[in-house]
Structures are given as structure tokens and as C-alpha cells.
Amino acid sequence: MMQRHDIFFSAAIREALDEEMQRDDSVFLIGEDIGVYGGAFGVTRGLLEKFSDKRVINTPISENSVVGAAIGASLTGLRPVVEIMYMDFILLAMDQIVNKAAKLKFIAGADLKLPLVIRTAAGSGRAYGPDHSQSFEALFMHIPGLIVVYPSTPEDAKALMKASIRHDSPVIFIEHKFLYGIRGSVSANVDKAAKIGKAAVVQEGKDLTIITYGKMLHDCLKALSDPDMKDCSVEVIDLRTLKPLDKDLILSSVSKTGRLLVVEEDNAICGVGSEVITTIVESSRKSSKFQARRLAALDSPIPASSYLESSVFPQVGKIKTTIKEMLKS
Amino acid sequence: MMKAALLAEGRESDLKSLYSKMLEIRYFEEAVLDLFQKGMLKGTAHVCIGQEAAAVGTCSELHRDDYVVSTHRGHGHYLAKGGDIKCLMAEIFGKVDGCCGGRGGSQNIIDLKIGFLGANGITGGGMPLAVGAALSAKYRGTSQVVVSFFGDGASNQGTFHESMNMAALWKLPVIFVCENNFYAMSTPLCASTAQGDIAKRGGAYGIPYFKIDGNDVFTVKEAVGNAVKAARNGAGPSLIEMVTYRHKGHSKSDQCLYRSKEEETQWLVKCPIKNIEKVFTEKSFLSKADSEKINDEVRGSIKNAVEFATDSKEPSLRGI
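Here the protein sequences line up with chains A and B, keeping their order.
To convert, note that position 209 of the first sequence is 208 in numbering that gives the first Met the number 0; the numbers rise steadily by one, no gaps.
To convert, note that position 250 of the second sequence is 249 in numbering that gives the first Met the number 0; the numbers rise steadily by one, no gaps.
Extracted from the complex, chain B is given alone in its bound form:
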């Protein structure tokens, strides 16, 4: 329905913007992996290649002053929420022009100007912050909502249960978004999660819950759009489980030996970017030339971000 509405009304710029943002995340993450391989980056990164629709579909339904709480795999969430691509690259480079001056790194990006309350390196560590931000919005009488991203692994942390319970109890405007990519690092869902339907856990707290295809950006937009509307109207929280898959390893050094090649191949076919491109082709929406133009523009912005980060200075200890 969302897809039909977007295509029928000829909202070209919205559609192009979705596509462009998903490409931005994809090419950014590929660049990060490439830079690590070349030895130009220190530390680690948890790229979200394959999960772009979840990030973009969700954040495209939010206002700038809505809040997002993210995970260790947060580059896509940050960019989708309107984060600055140059500052993100500089942060990963550990440079002074990074969004946190190089002090947070890949896993701890925070940018309050765009309501991005933080990526964080503790699995499940963000959900309570989301509850607090929602409590704050209700306390201050605003119509802000909060999206709390987390993964299948985090759905077993105590914070998941504590946070959902409090959000439900106090009818807080939180949309809990579980990006279920079936693996908590190397541990598959079937080996970690009793009653493996994460969405159903919402039922334990009496909140609406949905399980959707996280690789279709239109499906994501529709589900999140409805949940956001309900939350803004005072209906309280909901839980959306988005079924997706990460194309690469948990972190940059992960060889994915715990996944079969057959499984990976099956999921690559369901790539969210291929999905949106299929829709554009079916509806003759985007010409090949236009598509290449968007791809080139995005590649250009990644290149600029890498140059910016490379040229940025190293931070100093002053003030620490």
C-alpha cells in the first residue's frame, strides 16, 4: 500500500531519496571495509550491508526532532537519520572532525542535533535510553517519538524486557525496532532464543507487535509509519521485528564460518537495494541514466568523505 501510494502519486523525489540514502549506506560501508583492508583504519566496525531498508525505511518516517537510539551497527541508522557523512567517516578515522572528535569511534556516535541519542557498544544498552527519551517527550508535552533499534541478540538482554515493560506500563511513544538478522555475532537465533518469534514477545507486555520483511523499504515505511502515528496519538509503544540479513560478518574481521554459503546466497538475492531497483524497473520509474546518475553522485560523496577524513587532523588530549 505504501509502495503503491508512493509510486502512484509520482513522488519521484521521495523515491529517489530513499534509493539514494540506501546506496549511500551501502557504498559507505563498502568503503569502510575497503579502508580497513588497506590498513588505513584502526579499531573495528560492524557494517550493516544488507540492512539498509530497515534503517532508511524507519528513519524516513521520522521528523528531525524525533529520537533514534542505535546499536553497535549504527552507521546506517546515523546516515538515515540525517547524519553528516563526512563527520561519520572522520569519526571512524579517529580524527578531530569526527562527529565525536574521534573519542567515540564507530560504535559510539552521538549527535543530538539530529536526535541521534547514540550508537553504543553494549548489546541492548540503548533501549533504556529510548524509554527515557520517550518519558521526557511525554513529560514535556511534545509529540516526539523515539525509535529504539536493536538486534535479535539484544532481545535476550534484561534491558529488552525491562524497557518494553516500562514503555508499555507508562504508554510511552517508543517504537522498538528489532533488526532480526538471525545471528548474534556467531550464535544463530535457534540456539539463543526460546520461542524464536521475537515479535511475539511484545504480546507479553500487551503492546502491538508485527513481524515484517525488513528488506522491503516500502513494507518497513508502512509498518513504522503506522506505529509512529499511533505513538504520536498517545497509543503507546509497539514492537516491529524486521526480518533481514547482514551480507558481511559481524565485524570487519569475521569470516562467517558459522553460516553456509547456500544460506548467504539465498539472502543476497533478497538484497534490499536489488528489491527497490526491481520495483523501479517493474514500474518503469527510474531510467538507467537516472539510476547511474544517482549511483555516481553517491559514490562521489563517499569519495569526498574519505578525502575529508584523510585530510582532517588528529585530535589532541587537551581538555581530557
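So here's chain A without its partners, still in its complex pose:
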């Protein structure tokens, strides 16, 4: 019987980093406050003491050049994992990510190995304000040459982090800051678990497909667990990787149910849902009909006040009413 243990999401990522650093001497961590402080969200706690400051590098506040340095290290034989403290700050590193990391393999040829994981804390729910709460996954999905991973559970976080570190091209690894504190069961052998590019059917159903990821997965499951919803047969798919999208899985589910609801925390316009829905529209046969909606953030910056913050995002109540409306039609 496979051993499992129940750990926090943040600890699951830490385990992945720890195991990969033990397995491969060329893996190292670099980022702000990841040393003694253990990372703003505690993900790297204890790793400095275990691996020394040669392999857990605490940097000045220089996001663009820290990412660039990681790229230079990756070009010359190492496997860096960069921490960008808040996804809001990743904008400072856009030049190095988009004009270097995303392009070097294309320019130099497919033989070039450019292993680089950029992990970053995204999302809202902690009243941190307009520039500490954003979700930029769609920006990176839009750039050719990047993989975008967004786990929703501790087990997937661990498995996908290990897979991302072993991958030989750049991965943007997004961690919802609200999820750090959730617990989940993690197998002792995650190498056989989640793979990059594969979504998961979390719950089977026949009348409507919810496609979601990150914190919203948990909000959707909470909505569906309400006794009110017991007669709704809803299939829930956790994307886990945003790019490449698991087109086969999502297409087969929507073909079965005929109804698609994307629930996302990023903004609707040009967001993840727009890509999911368009992908299904383009791949569908002429004869197939389906209904599609998205629930996403309002087209607004995120207010800091905890009284206001949650109303910008899809609420559990709204998810329920939307499912019911769609099932009626």
C-alpha cells in the first residue's frame, strides 16, 4: 500500500524542492527573502539550513536581473528555481521572461536545454490590495515558449513542481496564496502522479462541465457540496496546467455534457476562460451544440478593503445560481 501523508500545500511544494535538490546538485533556489525568512509564504523554510547559501540564494530586490541571472545559469549547466514573491512583481521581470526565457530555445535550436522554474504567489483573498493580489496567468499563456502550471491541491503541487524542475524548458509555476494553508493527502510516490499538460476530472457528471483551477476549484466544490445542488450532475475538471491545455480531456467532457462553465479568478477579458471556450468552439464538430459561460473577476483593479475584495470575484453563491440557470436551459 502506498504511503500517504497529510500536509499543507506550502509544505508539499517545499518537499518537492527538497527532494529535487537532494536528487540533483545542479538544482538551486534564488529569490527574495527565501533564506533565513523562508520565503514570504514560508515555502522555503528550513531549506537554507539544509542546503547552505550556495544553493538557496537570497537576492537583492532586482526581479528582472534575478530572472536574467537564472537564465544565464540555466544556459550554463544549472537548474534554477526562482521565487517571485508576489505575481504582481513578475511584471518587473517581463523582459527577461518574454524576450529571453521564452525565446532562447527557439533561437538556438530545440537541442538547447533551458531548465527554469519561476514560481510565484498569485491571487487574492487576503486583503493585500490592488498590487499584491493579481492573477496574470493569461499574460504568460499568451507568450509562445512558456509552460504555465497552476496546481490546486497539495499532491498536484508536489508532483507538478518535481515535473517542472525536471523539465528542460521554462515553466511559470503559479501558487495561489490562499491555498498555502490548505491541507491535503500527498502520496509518497508522486512521480507517478500529475503530469504537465494533463488536467484531472475531480468529479464526474453528465449535465454540465465546470472547468476551473487554483482556489476556484475549491469554491466550485464547496458550491456543489451544498444540499441544494444534490440533483445537479456536474463534471468538474481541474486544469492543473494552463498551457498547454489538455484539449482532449476538456473537449470530451463538453461533448458529453453540452454545457461549459469556466470559473476563473483572473479577469474575463482575454483570460483563461476565453482560451478554453474558443478552443472548444474551434475543435467542435459543426453539428455539436453547447452552451458556454464564464465566471471571472470584474473588469476592475482589486480593492484592498476586506469588505470589498471578495465581491470582485466569483462567489460560491454566484457559482451555484449560474449552474442552476445553465441546467434549466
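Take the hints with a grain of salt, since some may be wrong.
[As the list claims (entries may be wrong)] The calculated DSS-like cross-link candidates involving lysine-lysine, where the alpha carbons are at most 30 angstroms apart (straight line), are:
1) B/228 / B/287
2) A/49 / B/260
3) A/221 / A/49
4) A/104 / B/41
5) B/228 / B/273
6) A/205 / A/112
7) B/247 / B/37
8) A/327 / A/285
9) A/104 / B/277
10) B/269 / A/104
11) B/15 / A/112
12) A/112 / B/260
13) B/269 / B/302
14) B/277 / B/312
15) A/53 / B/41
16) A/53 / B/228
17) B/112 / B/137
18) B/210 / A/104
19) B/41 / B/15
20) A/112 / B/170
21) B/112 / A/112
22) A/53 / B/170
23) A/229 / A/255
24) B/94 / A/112
25) B/260 / B/277
26) A/104 / B/15
27) B/94 / A/104
28) B/277 / B/94
29) B/287 / A/104
30) A/221 / A/285
31) A/112 / B/312
32) B/228 / B/170
33) A/246 / A/319
34) B/170 / A/49
35) B/251 / B/282
36) B/137 / A/53
37) B/287 / B/15
38) A/194 / A/205
39) B/41 / B/312
Simulated from the structure, these hints should not be mistaken for laboratory data.
Bear in mind that the values here come from a model prediction, so they are computed numbers and not experimental data.
Since the structure of chain A is already known, use the hints to place chain B on it.
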């Protein structure tokens, strides 16, 4: 001192090699401009005519496994580091035999076999890569060093400051080489750079800094040689500002209306190739016949490179 040492010890082949490499860059760049004029090339190029001593003097002090990070004006750096002249021409032609299969073009040449981590089209975009490569060398325990070329314009990018700070903080083996040609595209140094002594910015980060004549290949070799030795010995980074001038425009279509003819004439006299030829004449080092032989050989190799590139096939989208 470097000059004297090279001439006194009769290291003819080293001296001929410096001269030949500078000529290679000069004739290559002239050929590129000529090909654009004839409509045989698409895209653009930023030639380094006038800056050959900076490239050759610097790279001649490096080992093959040392790294170089370059700029948008990188043909000279690539050739000086040991790049293949045919592959470079084919790349500019956009052909499949280009060093990047035609996918990078003039501004994005990369060749890891010779430690050339890339030219790049973003001003200042290379410096962080240099920091990372140096970090990697130190991590892996090798004695490799990294040269990070950049221009006066890039010394105002955030990456310049971030990179120098980190290199200084962690004592990384990076030699920051600023080719100050006084113009960031059309913007003169005096209009862009507060306290226009770029070398002195090294002082802000506590690293050794030098300002030298970038048009004298011997001066360049000496300064870079010392900096490389210090870096290999664990002394950390340094900044060398090489004062030079580009004879042509920023890019192939630039008419240089922002520079006076008088200024250009003054700088043409200080041409790095004329400088080394003067030294050879003064020391009676190279006979006219030998000099012509080298010139002819280089011209021949450029001609071969153009033929190679012309005959090379167009790339396909397969694999994209």
C-alpha cells in the same frame, strides 16, 4: 606594456592574428552594408565598424570556455570569440545554415559551443545573463570568467545597476565592458547620462573601474587581461569603459544627422585598424607584402562567406 611585450617577444602570429581578426570584422561589416544596399538582405543590422579593437582586444584575452554576452551590435563580438564567419553570414541572410537556422537574425546570434551566450535586441538585456553565467561558474567551481559587453546607452538601464550590484555583492567573475561610442542610437552621452563618466559608476558598487582608449587593441588587451586574471583569482568583477566610436550609423538606415562631419572626421583618424597598422609601420613589423597578403586572405574569406550564405537553402517552418 602589452604592446611592448607582444612586439618585443616577436609573437608574430599573435600580432598577425589580432590584425587579421580586426580586418575580418571590418570587411565583414562592410560587406553586410553593401549587401543591404544592393537589396540582397532583409531586416536590419547594427555594424560595429570602428569598434574592432574593443571586440578583438577583449576576446583575445579569453579562453574558449569563457563566456561572452553581447549586444545588438554583436557581429564583431561573435567573430572575435571564435564564431564561424560563414554561419554568421548565413544567419544574416536568414538561411538554414545560419548559426541559429535563420531564426535569430543579426541581433540574436547565440553559439554555446564557443561560450557566446547571445547577442540580443534589448538594450541592457544581456547583463543579467552574464551575472548568471558567472554565478554558475562559481557554483560549479570552474575558473571560467564572463565578459558582458554593453554600450553607453545600456549604462542607464536598470539591468546595468542590478547586474553590477549583484556581481559585486557575490564577487562574481564578470568583466563588464562598456563600449562607449558616445551615442545611444541618436542620443548623445551628454543628453542621456548624468555624470558622464560611465567607469565611475563602478565606484558606486565598490568594484575596480577603468576608462581606456578602446581604439588601441593593445591597451584593451592589457586592461582586459588584468581584469580577467583578477576575476579568475576570485577577486570579483570589474568595469572597463572603452572609449571608441562607430564609424557608421546606429543601424543600416541611419544617416547620422545627429553627428557633425567634423566630429566624424576626428574619430576616423583614430580608427583602430589604422592604429595597429601605424604600430606595425613604426616597429617595421609587417612588410607591405605581408600586410596585403593578410588583407587578401580576409577578403577571400568574406567572399566565401557570402557565397556560402547565398547558396544556403531557405529554412522551413518544420518543428516550429
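These are the hints, each one checked on the structure:
1. B/228 / B/287: 36 angstroms, violated
2. A/49 / B/260: 64 angstroms, violated
3. A/221 / A/49: Between residue 221 of chain A and residue 49 of chain A the Cα gap is close to 38 angstroms, so the pair fails against 30 angstroms, i.e. violated.
4. A/104 / B/41: 23 angstroms, holds
5. B/228 / B/273: 29 angstroms, holds
6. A/205 / A/112: Measuring from Cα to Cα gives roughly 43 angstroms; hence the hint is violated.
7. B/247 / B/37: Roughly 17 angstroms separates the two Cα atoms, so the pair holds.
8. A/327 / A/285: With Cα atoms ~24 angstroms apart, residue 327 of chain A and residue 285 of chain A stay inside 30 angstroms; holds.
9. A/104 / B/277: 45 angstroms, violated
10. B/269 / A/104: Violated. Residue 269 of chain B to residue 104 of chain A sits at ~40 angstroms, over the 30 angstroms cutoff.
11. B/15 / A/112: 38 angstroms, violated
12. A/112 / B/260: 48 angstroms, violated
13. B/269 / B/302: It holds: about 27 angstroms lies between the C-alpha atoms, which stays within 30 angstroms.
14. B/277 / B/312: 42 angstroms, violated
15. A/53 / B/41: 46 angstroms, violated
16. A/53 / B/228: 23 angstroms, holds
17. B/112 / B/137: Holds: residue 112 of chain B and residue 137 of chain B sit about 20 angstroms apart, inside 30 angstroms.
18. B/210 / A/104: Violated, at roughly 36 angstroms.
19. B/41 / B/15: This hinted pair is violated, its Cα atoms lying about 34 angstroms apart.
20. A/112 / B/170: 27 angstroms, holds
21. B/112 / A/112: Measuring from Cα to Cα gives roughly 13 angstroms; hence the hint holds.
22. A/53 / B/170: 13 angstroms, holds
23. A/229 / A/255: 20 angstroms, holds
24. B/94 / A/112: Distance ~23 angstroms between residue 94 of chain B and residue 112 of chain A Cα, so the pair holds.
25. B/260 / B/277: 24 angstroms, holds
26. A/104 / B/15: Between residue 104 of chain A and residue 15 of chain B the Cα gap is close to 37 angstroms, so the pair fails against 30 angstroms, i.e. violated.
27. B/94 / A/104: OK: residue 94 of chain B and residue 104 of chain A at ~18 angstroms, within 30 angstroms.
28. B/277 / B/94: Not OK: residue 277 of chain B and residue 94 of chain B at ~39 angstroms, beyond 30 angstroms, violated.
29. B/287 / A/104: 47 angstroms, violated
30. A/221 / A/285: 35 angstroms, violated
31. A/112 / B/312: 26 angstroms, holds
32. B/228 / B/170: Status holds; Cα separation ~14 angstroms.
33. A/246 / A/319: Roughly 26 angstroms separates the two Cα atoms, so the pair holds.
34. B/170 / A/49: 23 angstroms, holds
35. B/251 / B/282: Cα-Cα ~37 angstroms, so violated.
36. B/137 / A/53: 10 angstroms, holds
37. B/287 / B/15: Holds: residue 287 of chain B and residue 15 of chain B sit about 13 angstroms apart, inside 30 angstroms.
38. A/194 / A/205: 25 angstroms, holds
39. B/41 / B/312: The given pair, whose Cα atoms are some 15 angstroms apart, holds under the 30 angstroms limit.
This entry does not satisfy hints 1, 2, 3, 6, 9, 10, 11, 12, 14, 15, 18, 19, 26, 28, 29, 30, 35, going by the numbered hints stated previously.
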